[in-house]
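Please build the complete structure, drawing on both the sequences and the hints.
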Amino acid sequence: MSQSVQAAPATVPSEPSNRVKLGMSNRILARPEVGALVAAIIIFIFFMAAAPAFRSAESFFTVLYQASTIGIVAVAVGLLMIGGEFDLSAGVIVTTAGLVNSMFCWYLGVNLWIGAILSLVFCLAIGFLNGYLVMRTGIPSFLITLGTFFVLQGANLGVTKLVTNQVSSTDISQIDGFDSLANVFAFNIKVGGVTIWGTVIYWILFVALAAWILTRTRTGNWIYAVGGAPDSARAVGVPLFKTKIGLFMSVSFLGWFVGMHILYRFNTLQAGNGVGNEFLYIIAAVVGGTLLTGGFGNAWGVAIGAFIFGMTSLGIVYAGWDPNWFKAFLGVMLLLAVLVNLYVKRLSTTRKVG
Amino acid sequence: MTDTLAEHADSHLTKGETLIEMSGVGKSYGAIRALRGINMTVNAGEVTCVLGDNGAGKSTLIKIMSGLHPHNEGKMLVDGQEASFSSPREALDHGIATVYQDLAVVPLMEVWRNFFLGSELTVGKYPLAKLKVKEMKQIADDELRKMGIVVKDINQPIGTLSGGQRQCVAIARAVYFGARVLILDEPTAALGVKQSGVVLKYVAAARDAGLGVVFITHNPHHAYLVGDHFVILKLGSAVLDGTRGEVSLDQLTAQMAGGDELAELSHELKR
Numbered sequence: 001m002s003q004s005v006q007a008a009p010a011t012v013p014s015e016p017s018n019r020v021k022l023g024m025s026n027r028i029l030a031r032p033e034v035g036a037l038v039a040a041i042i043i044f045i046f047f048m049a050a051a052p053a054f055r056s057a058e059s060f061f062t063v064l065y066q067a068s069t070i071g072i073v074a075v076a077v078g079l080l081m082i083g084g085e086f087d088l089s090a091g092v093i094v095t096t097a098g099l100v101n102s103m104f105c106w107y108l109g110v111n112l113w114i115g116a117i118l119s120l121v122f123c124l125a126i127g128f129l130n131g132y133l134v135m136r137t138g139i140p141s142f143l144i145t146l147g148t149f150f151v152l153q154g155a156n157l158g159v160t161k162l163v164t165n166q167v168s169s170t171d172i173s174q175i176d177g178f179d180s181l182a183n184v185f186a187f188n189i190k191v192g193g194v195t196i197w198g199t200v201i202y203w204i205l206f207v208a209l210a211a212w213i214l215t216r217t218r219t220g221n222w223i224y225a226v227g228g229a230p231d232s233a234r235a236v237g238v239p240l241f242k243t244k245i246g247l248f249m250s251v252s253f254l255g256w257f258v259g260m261h262i263l264y265r266f267n268t269l270q271a272g273n274g275v276g277n278e279f280l281y282i283i284a285a286v287v288g289g290t291l292l293t294g295g296f297g298n299a300w301g302v303a304i305g306a307f308i309f310g311m312t313s314l315g316i317v318y319a320g321w322d323p324n325w326f327k328a329f330l331g332v333m334l335l336l337a338v339l340v341n342l343y344v345k346r347l348s349t350t351r352k353v354g
Numbered sequence: 355m356t357d358t359l360a361e362h363a364d365s366h367l368t369k370g371e372t373l374i375e376m377s378g379v380g381k382s383y384g385a386i387r388a389l390r391g392i393n394m395t396v397n398a399g400e401v402t403c404v405l406g407d408n409g410a411g412k413s414t415l416i417k418i419m420s421g422l423h424p425h426n427e428g429k430m431l432v433d434g435q436e437a438s439f440s441s442p443r444e445a446l447d448h449g450i451a452t453v454y455q456d457l458a459v460v461p462l463m464e465v466w467r468n469f470f471l472g473s474e475l476t477v478g479k480y481p482l483a484k485l486k487v488k489e490m491k492q493i494a495d496d497e498l499r500k501m502g503i504v505v506k507d508i509n510q511p512i513g514t515l516s517g518g519q520r521q522c523v524a525i526a527r528a529v530y531f532g533a534r535v536l537i538l539d540e541p542t543a544a545l546g547v548k549q550s551g552v553v554l555k556y557v558a559a560a561r562d563a564g565l566g567v568v569f570i571t572h573n574p575h576h577a578y579l580v581g582d583h584f585v586i587l588k589l590g591s592a593v594l595d596g597t598r599g600e601v602s603l604d605q606l607t608a609q610m611a612g613g614d615e616l617a618e619l620s621h622e623l624k625r
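Sequence order for the protein chains is A and B. The opening residue of the first sequence carries number 1 in the working numbering; numbering runs sequentially from there. The opening residue of the second sequence carries number 355 in the working numbering; numbering runs sequentially from there.
Just so you know, these hints were derived from the structure itself, not from any lab. Hints may be right or wrong, so weigh each one.
One-sided excerpt, in silico: chain B residues whose CB lies under 10 angstroms from chain A [stated by the list, open to error]:
id : residue
1  : Tyr383
2  : Pro442
3  : Leu446
4  : Val459
5  : Val460
6  : Ser473
7  : Leu485
8  : Lys491
9  : Ile493
10 : Ala524
11 : Arg527
12 : Leu619
Below are the PhoX-like pairs computed for lysine-lysine, each with C-alpha atoms no more than 25 angstroms apart in a straight line [to be verified]:
id : chain 1 : residue 1 : chain 2 : residue 2
13 : B       : Lys479    : B       : Lys506
14 : A       : Lys242    : B       : Lys479
15 : B       : Lys488    : B       : Lys500
16 : B       : Lys488    : B       : Lys506
17 : B       : Lys486    : A       : Lys242
18 : B       : Lys486    : B       : Lys500
19 : B       : Lys429    : B       : Lys479
20 : B       : Lys484    : A       : Lys242
21 : B       : Lys506    : B       : Lys486
C-beta: ideal position from N, C-alpha, C; glycine also.
Written out as structure tokens, the structure is:
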């Protein structure tokens, strides 16, 4: 049969001339973080010129600290967005993590390490629940995590009021374990009169780890795949459920981490804090080149996005302007970033081969 | 191209050996019975063509074999053992690989990452396991070249390739990872004449390498070019089932073009 296809075996094409390396500019432009890097440099130069107070090493590290408190969670949010999902509860879970630790230990008078571990388990459970509900029901993560966001926001205030009769947690600095936890989560080192907060070091470590996972491990491959085309990914054997739930849990893990930092740096927490930060994480990720629809982005881009946030939020203060303009500026940045992303996506998906 | 296929195909396969056998297989989604009473065998070294109009149950049939939805009536034997897959991974572990028309690849990922997606090569133990990037790029490039697909840059997103090339990468990938049964879901539906030809050549090559091929299509001409066995589905059950010797192209075409219904319709519309 099938004489018509017997002659099938194709000749091995011997046309190396067809293989061209894409031009340097083209390859660089197709990287997700380029737009953010250019913006970061422009903003940096701008504030260097406009705000004299911005020019010292001290203020540079303050900017880095500011960036790190947003940047640590933003890395995980960035991974989650590359994986094609949202987490709106990422802002309040930071406060929840601190409150669980603080009030549990204060109420029962136990060592703070026990509370910290309990809080970690609690946060991971919330992350798991977010992921499980999204995957099980197929409801967009935007809605599911909007739900958990409100639940946590209300519970933060409600439970705090029940336990302490006020809207902030109590002083825990005298409870066992405070000093050792503070040494882990809220340490700083002084180098020639400049204070470097530990979170900056942690931030860089987490970003490097995320970048390595994304580009050099199987898990990273799966994260891009479940964000870019979930059904295709599942069809070739990528565990969709596990990958996405893992991403939600890593957001809540890093949320817990920052929660620990804030608790052991300031000792008491306002129960209403953290609301609104979820958008800062998303903005950092998008400004850093992450596609809202998933499947594209990288960890260094998200870090640059957080750095831009740190520079502008403090730069405006250093320049002596009305800080209210900060939000307006963030909005403009977001719009520009979305436009750049759209352009980059077009650039990298248009056909180049005939 | 055939060399590569033969090289990676399971050498234990003997032509004509039964790989999948279905008897009375059916599937209901709630109150809707999408498929019933299907008897079909997939043999090594043969192409089984499944034809049918939209909604005839073709997709349901392949979803059962590929592990996207398990069947709930009848029996499916894979290598003589009763099986019911709950995930594509399970089907892949039995050597059943599916290439979907619309969900074959992840467009924004690089060609080599797509080639190895779900079966990445790693070195080291789990938490620290590292991808063998260089090796994977090399293998993907070599394999694709051997099969006649030359991409400008193995690092380019696969979305920049043409539809036919994407299908071929997906088929090449399935064969490279040791598929014994290859299920192709309308691989030629969205392609031009020339590109369809390329894909059909792969279908024939896969058959010659001893794989069992299930070829789903709308197009009786494409089916007749490569098929050994034809099944036509209509409203969830088989209306025609025969080997190449028993069915003619005209019969296939007539059935696919509407067949009996068309005759009825022409009667009704008679002027």
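These are the hints, each one checked on the structure:
no.	hint	verdict
1	Tyr383	violated, 15 angstroms
2	Pro442	holds, 5 angstroms
3	Leu446	holds, 5 angstroms
4	Val459	holds, 6 angstroms
5	Val460	holds, 4 angstroms
6	Ser473	holds, 7 angstroms
7	Leu485	holds, 5 angstroms
8	Lys491	violated, 13 angstroms
9	Ile493	violated, 15 angstroms
10	Ala524	holds, 9 angstroms
11	Arg527	holds, 8 angstroms
12	Leu619	violated, 33 angstroms
13	B/Lys479 to B/Lys506	violated, 34 angstroms
14	A/Lys242 to B/Lys479	holds, 19 angstroms
15	B/Lys488 to B/Lys500	holds, 18 angstroms
16	B/Lys488 to B/Lys506	holds, 17 angstroms
17	B/Lys486 to A/Lys242	holds, 23 angstroms
18	B/Lys486 to B/Lys500	holds, 21 angstroms
19	B/Lys429 to B/Lys479	violated, 40 angstroms
20	B/Lys484 to A/Lys242	holds, 19 angstroms
21	B/Lys506 to B/Lys486	holds, 21 angstroms
Checked against the numbered hints given earlier, the structure breaks hints 1, 8, 9, 12, 13 and 19 and satisfies all the rest.
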